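Single-letter residue listing:
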Amino acid sequence: MKKKFLSLLLVAAMAVTAVGCGSGSSTSGTDSGAGADAGSNEQAAAPAESAAPAEEASDIEKPDSITIMVDGTVFTQENGQEQFIAKIEELTGISDIKVIQPDHDAYYDVLGQTIASGDWPDVLIASSTYYSAYAAEGVLWDMTDMWEGSDLQARQKAYNADGVVEGMKIDGRLYGMPAARGNGCMTYVKKAWLDAVGMDVPTNFDEYYAMLQAFTTQDPDGDGKNDTYGVSAAGFIGGEAPYINYLAEFYQDAYPSFYQKDDGTWVDGFTEDSMKGAMERLARAYSDGVIDPTTLTNGTSDCRNKFYADEFGVFTYWAGTWATNLKTNLDANGVDSELIALPPLAEVGKYLDRIPPVWCITTKCANPEGVYKYFIETMQDGGETQFAWTYGVEGTHWSTAAETLWEGAENETTYAEGEFHMLPNLEKPETAYTKAHIDPMLALTDLTAYPAGVTENPMDKAVAEEAKNSANVFAENCVSAVLVPSTDVLTQLNGDLTTLKNQLIADVTMGKITVDEAYAQFESDGGADWSKQIVDSLNAQ
Amino acid sequence: MFLPVFIFACVFNYLPMIGIRYAFTNYNGIKEPVFNGFENFQRMFSMVNFWKAFTNTIVISVVKLLLTTAFAVVVSLFLNEIVNLHFKKVVQTIIYLPHFMSWVVTASIFSLILAPTSHGLVNTFLVNVGILGEDQMIYFLGSTKWWRFAYYLINIWKETGWQTVIFMATLSGINTELYEAASIDGAGRWGKMRYITFPAVANTILTVIILNLAKVMNLFESAFVLQNDAVLDTANVLETYIYYQTFNSGSIPNYGYTTAIGLFKSIVGCVLVLVCNQWSKKVRDGRGIV
Amino acid sequence: MKKKKISVFSVVNGLIFILLALIILVPMWKVLVDSFDLQTAYGMKLWPEKLGLAGYESVFSNPTLSRPLIISFVTTICGTLLALALCTMGAYVLIQWDMPGRTFFANFLLFTMIFNGGMIPTYLVLKALHLTNTLLVVILFPALNVYNLVLMRNFFEGIPASLFESAKLDGCSPMQTFIRIVLPMSKAALASIGLMYAVTYWNDYTHYKLYITDSRWYNFQMKLRGMTMGSDLPQAVGSATENTVKNAAIIVVILPFMIAYPFLQKYFVKGVNVGAVKE
Chain A
1 MKKKFLSLLL VAAMAVTAVG CGSGSSTSGT DSGAGADAGS NEQAAAPAES
51 AAPAEEASDI EKPDSITIMV DGTVFTQENG QEQFIAKIEE LTGISDIKVI
101 QPDHDAYYDV LGQTIASGDW PDVLIASSTY YSAYAAEGVL WDMTDMWEGS
151 DLQARQKAYN ADGVVEGMKI DGRLYGMPAA RGNGCMTYVK KAWLDAVGMD
201 VPTNFDEYYA MLQAFTTQDP DGDGKNDTYG VSAAGFIGGE APYINYLAEF
251 YQDAYPSFYQ KDDGTWVDGF TEDSMKGAME RLARAYSDGV IDPTTLTNGT
301 SDCRNKFYAD EFGVFTYWAG TWATNLKTNL DANGVDSELI ALPPLAEVGK
351 YLDRIPPVWC ITTKCANPEG VYKYFIETMQ DGGETQFAWT YGVEGTHWST
401 AAETLWEGAE NETTYAEGEF HMLPNLEKPE TAYTKAHIDP MLALTDLTAY
451 PAGVTENPMD KAVAEEAKNS ANVFAENCVS AVLVPSTDVL TQLNGDLTTL
501 KNQLIADVTM GKITVDEAYA QFESDGGADW SKQIVDSLNA Q
Chain B
1 MFLPVFIFAC VFNYLPMIGI RYAFTNYNGI KEPVFNGFEN FQRMFSMVNF
51 WKAFTNTIVI SVVKLLLTTA FAVVVSLFLN EIVNLHFKKV VQTIIYLPHF
101 MSWVVTASIF SLILAPTSHG LVNTFLVNVG ILGEDQMIYF LGSTKWWRFA
151 YYLINIWKET GWQTVIFMAT LSGINTELYE AASIDGAGRW GKMRYITFPA
201 VANTILTVII LNLAKVMNLF ESAFVLQNDA VLDTANVLET YIYYQTFNSG
251 SIPNYGYTTA IGLFKSIVGC VLVLVCNQWS KKVRDGRGIV
Chain C
1 MKKKKISVFS VVNGLIFILL ALIILVPMWK VLVDSFDLQT AYGMKLWPEK
51 LGLAGYESVF SNPTLSRPLI ISFVTTICGT LLALALCTMG AYVLIQWDMP
101 GRTFFANFLL FTMIFNGGMI PTYLVLKALH LTNTLLVVIL FPALNVYNLV
151 LMRNFFEGIP ASLFESAKLD GCSPMQTFIR IVLPMSKAAL ASIGLMYAVT
201 YWNDYTHYKL YITDSRWYNF QMKLRGMTMG SDLPQAVGSA TENTVKNAAI
251 IVVILPFMIA YPFLQKYFVK GVNVGAVKE
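Heads up: the protein sequence lines correspond to chains A, B and C, in order.
With the numbering used here applied, the first sequence corresponds to residues 1 to 541, in that order.
With the numbering used here applied, the second sequence corresponds to residues 1 to 290, in that order.
With the numbering used here applied, the third sequence corresponds to residues 1 to 279, in that order.
I should point out that these hints are in silico values taken from the structure, not numbers from a laboratory.
Some clues are possibly wrong.
To be verified - Simulated crosslink set (BS3-like; lysine-lysine; CA at most 25 Å straight-line):
id, chain 1, residue 1, chain 2, residue 2
1, A, LYS169, B, LYS215
2, B, LYS215, A, LYS512
3, B, LYS145, B, LYS52
4, C, LYS266, B, LYS89
5, C, LYS30, C, LYS50
6, B, LYS89, B, LYS215
7, B, LYS52, A, LYS532
8, C, LYS168, C, LYS187
9, C, LYS187, C, LYS209
10, C, LYS187, B, LYS89
11, A, LYS191, A, LYS350
12, A, LYS225, C, LYS45
13, A, LYS364, B, LYS31
14, B, LYS31, C, LYS127
15, B, LYS215, C, LYS209
16, C, LYS209, A, LYS98
Predicted model only: the values in this text are computed from it and were never measured.
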C-alpha cells in the first residue's frame, strides 16, 4: 500500500503554475452584462438541453437511489435539507437521494469509520488529503473518461475555469469533481485609517510598511492614545498549507515548505534565500512594533475581535463572503466599516487559492456512470440544478415574492414583486442565507438559465457588493496552491521538520536569535538533513 | 449484582479490544490489515523527538495532577470550616464554574489576561506594584521559561473547584462523633483537622491520584490550545506531537499506527497505576484502590 | 474565649475565600460582561460599555433549540440513573472482601479503564449492535465509568463495618443490605458522583459527533458548540457582533450547572448521623 503512495504523483503540481483563477474575471464580466441579456431565450434554452440529457446518452442508466455523504457545506436538516434534496431529486430525476451528514467538525473521523466499516456511500465529499489517499487505495471511481470531452468540461472551459479540475488529476486520472474554487486569503485595509494618516493604497512592500508604521504611530483611530498597530495574525506562520497566507506581504516569494520548480524538481523553500529575507522582514516589523506583539498566541477569533475593536488596521483573511462578515461586525461595533480589498503587492505577485474539496464516486457504487451523469455533472449544468445547488429552493431559501423581512429590526428590508432575495436562515432568523453548496462567486461554470420567475443572474441581488468586490480582486490575482504528494519519508519526518521551522521563524521574529543563528540551529538540530531526505524522496518518484 | 456491570464491560469495553491487534498491522481502514510485527512501535520510537515529548508529558501531567489535587484538598479543608451555609454554597459554586468553560475559550481569555501588553491584567498589575519595569513585561505563554508555570496556573484555576466536589463529599461522610470525642480530648481546630479530617480524605486523595495516573499520557486539549510555535520545546506532549506528525504527513491516519500509540500509552498508564497501587497497599493495610 | 478564637479564624477564612472567589471570577467576568456588551473591545472591562441583550436574543431566537434541549434532559436523566445503578452495584461487589473472584473482578474493571480498542473497532461494535444513530448509544456507551466506580467504592469503604455486621445479624440479604444500609449511608457520594455523571452526559458531544449522523438527535451542547467554536461561526446580528453572541452562548452552556449545584449541596452537609440509619 505504501508503495502505491510512493508511486502517487499528484499532477496537480504540474498543472498548477499555469492555473490562474480566470473564472473570477469572467464572473465580473458576466455581472455587468447579465442584467441586459440574461432573460433572452437564447441563454435560457442552452442549459435546458443539458437538463434533459437522457436522450443523448441512452446507454447510461439513470440511478434510482443513491446515498451521499456530505459535510456541513450542504444544507443541514434544520436548514431545509429535506426541501433541497426533494428539489434535486425532482430536477435530476433520481428518485431517492439519501443524505448522511455527520457533524462538520467530525466529518473526516466519521468518513474514516464509514469506509472502514465497508458500508460505503455512493458519493462522498473529500478534502485533498483524503482525495489523494482514497484514490490511491482504490476507494474512488475513475471519472476521467466521463469528464474528457463532456459538456461540463466545455462549460468550464468557456468560463475559463477548467484548470481547477485539471489540477485535481492524479497521474492524469480524475477521481473527484470540485464544485467550486477553493478560495483563499487576501488583505483588507481599513479605509478610514488610511484616510486618517493621509496615505494611498500601497502597491509595494515599502509603501505597505510605511502604512503599517503610520497605523502604529499616528493614532489612526483618533482616540488620542497610542494604542494601535499595523497588522495582526494568528501566529507568525499558518498551521496548514499554504502556511504563508495570513502574512503574505512579509513572506512574498518565500515559501517555507516543499514546492516544485518549473523544471519539475522539488525543493524545500525554507532552505532558499528568499526565506531569510522573509524572516528579516518579520523580525524588523516585530521590533518596530508594527505587528501585534501577541501575534504568537492569538487565535483567529482573537484577531477578528481585535480588528472589530479597532486595534489594528490591516487584516489578511478569507476573500468573498468574509468581506461582508467583517463589514457587518465592524458596523455592529460602531467602527467605520469600509475595507479596501488590497490587490497583491508587487513583491507578493499572487494570492494563493486553496485546493478545493471534491465530489467523488466510490468504487462500490453500482452505477457510477449514471451517478456521474445525473448527479455530479448536473450540479454544474449552468441551469436550474446548478441554481438549486447555488441558492437553494424557492420558498425555503430564496424568493421573488413581494415582502418585508425583519420588520421593525435594524436591517428591515422590503422587496418588490419579482425581486430576487435570499430568505431568513431557519436557524438564525435574524440573518439571511448567503448560498447553498456552491458559492456563486467561486463557481466553475456560468449560470445561464434560471427557474421560472427569476429573470437575471441573482448574483447582483444575493451577494453583497463588498463580497463580490473582494472575490473579484482575489480571483484576478491568485494562483492555485500545490498538492504535495506524500512519501514515507515525508510522513515520518515532516512533523518534526515543520515544528522546527515554525519555532525558528517565531524565534527570529521575536528577536531571540538572528537569521544566521536560526539556520545554524536548523543544521545542528537535524532540520537540514530531514529536509534533504524529504526532497530526495519527492524527487525520486 | 455484578452481572450488569460485567455485561456492560464486556460489550462496550472488551469487545472493541479485539481491535488492539491492529497495533501490529498496517491498517488504513480501507484494505484488510496486514500483519507487520513491531513495525509500528519501531516507527514510533524512532520519531526524532519522541522521548522529549514523552518526558514532557509525564512531567506536565504529573505536576498538574499533584498541584490541582493539592489545591483542591486545601480548599476543601478550609471550605469545610465555613460555618455560614449560604456563603459556603456561593463560594463552592463560583470556584467550580470554570470547569464548564471549554478549553478553547479558556485559552483565549488567558492569553489576554497574561498578555505582555497593557491589556494583560497580570503584567499591568506587576508593573503597577513596581515588580516589573514598563518594558519588562513577561510573555507568559510565549516564553519557554514561563509557559509551564502559566499552564499549571490555568489548570489550577479551571479544575480546583471541580475536584473539591469529590473531597467535599468525602468530608461530609466523616462521623460527627469523632469530632465530639476529639473536642473532649482537648483537640483544637488544627488538631482536629490534622488528626481526623485529613486522614479521612487521605484515602480519597490517594485514590484520585492513582486513578488519574492511568490517564497521564492522554494529555491533549489543554496543552494543544495553550501552546504555540515558540514554546514547543517545553510544551509539546505526546498527543500533540503525534497530532502534528499526522497533520503534516500529507496522508490519512494509519489506524495500525494510532492503535500502537494508544497501546503504548495504555501500558505506561498501567505500569504507573500498578506501581502506585502496590505502594498504596503498603500504606493502607493491604488494600489497593480497587 | 474559645468562641472568640473561632470567629477570628472564620473571619480570616471567609476573607481568604472572598478573595479566592474574586480571583476565580475575573476571567469568567470577562465572558459575562462581553455577553451583555454590544460593543466589542478586546481588553478587560468592568462593566459593559453598551449594555444589551442582543447576544442572548440571538442564541434563543434559534427555533430549533427546544428539541435538543429536551434530548439533553432525557439523556442526562436516563444516563445518570443508569450510570449510578451500574456504579453502585459494581462498587458494592468490590467491597465484598471475602467474595471469591473479587480480585479478578477488580482487575477486570480496572483493565477497561486503562486499555481501549481504538476508534474504528469501537465504531464497528456499536454499528453491529445497531446502536449508531440512536440515542441509546449516547446513554449506554458512557454509562460504565470505572473511575467513578472506584471512587464510589472508596465511599462505601467508609461505611462503618459495625453496620454491616448488625445487618447480617438481622438476617438481611446482601441485596437488602445494599438498599437499606449502603445507599442511604451514601447520599453525599451519590450526589457528587451523580453530579459527575450528569455533567458528562450534559456536556457530551464526542459521542454525538462520532456515532450520530442524524442531526435531529443532537443535544443542546452539540447545538451550542457550533456557536462557540470554529465551523459554524456566529454572524453579526443586528446590533450584536459575533463576539457578543459567542459569549452569550458560553454563558448559556454554564447556566444549568450554576443553578443545579447549590441544590445538590444540601447532601454535602457536614456529618452523618449513623444512628438514624440503624433504625
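Verification of the supplied hints:
| no. | hint | result |
| --- | --- | --- |
| 1 | LYS169(A) x LYS215(B) | violated, 44 Å |
| 2 | LYS215(B) x LYS512(A) | violated, 36 Å |
| 3 | LYS145(B) x LYS52(B) | holds, 16 Å |
| 4 | LYS266(C) x LYS89(B) | holds, 9 Å |
| 5 | LYS30(C) x LYS50(C) | holds, 14 Å |
| 6 | LYS89(B) x LYS215(B) | violated, 31 Å |
| 7 | LYS52(B) x LYS532(A) | holds, 23 Å |
| 8 | LYS168(C) x LYS187(C) | holds, 22 Å |
| 9 | LYS187(C) x LYS209(C) | violated, 34 Å |
| 10 | LYS187(C) x LYS89(B) | holds, 17 Å |
| 11 | LYS191(A) x LYS350(A) | holds, 22 Å |
| 12 | LYS225(A) x LYS45(C) | holds, 17 Å |
| 13 | LYS364(A) x LYS31(B) | holds, 13 Å |
| 14 | LYS31(B) x LYS127(C) | holds, 19 Å |
| 15 | LYS215(B) x LYS209(C) | holds, 22 Å |
| 16 | LYS209(C) x LYS98(A) | holds, 19 Å |
Of the numbered hints given earlier, the model fails hints 1, 2, 6, 9; all others are met.
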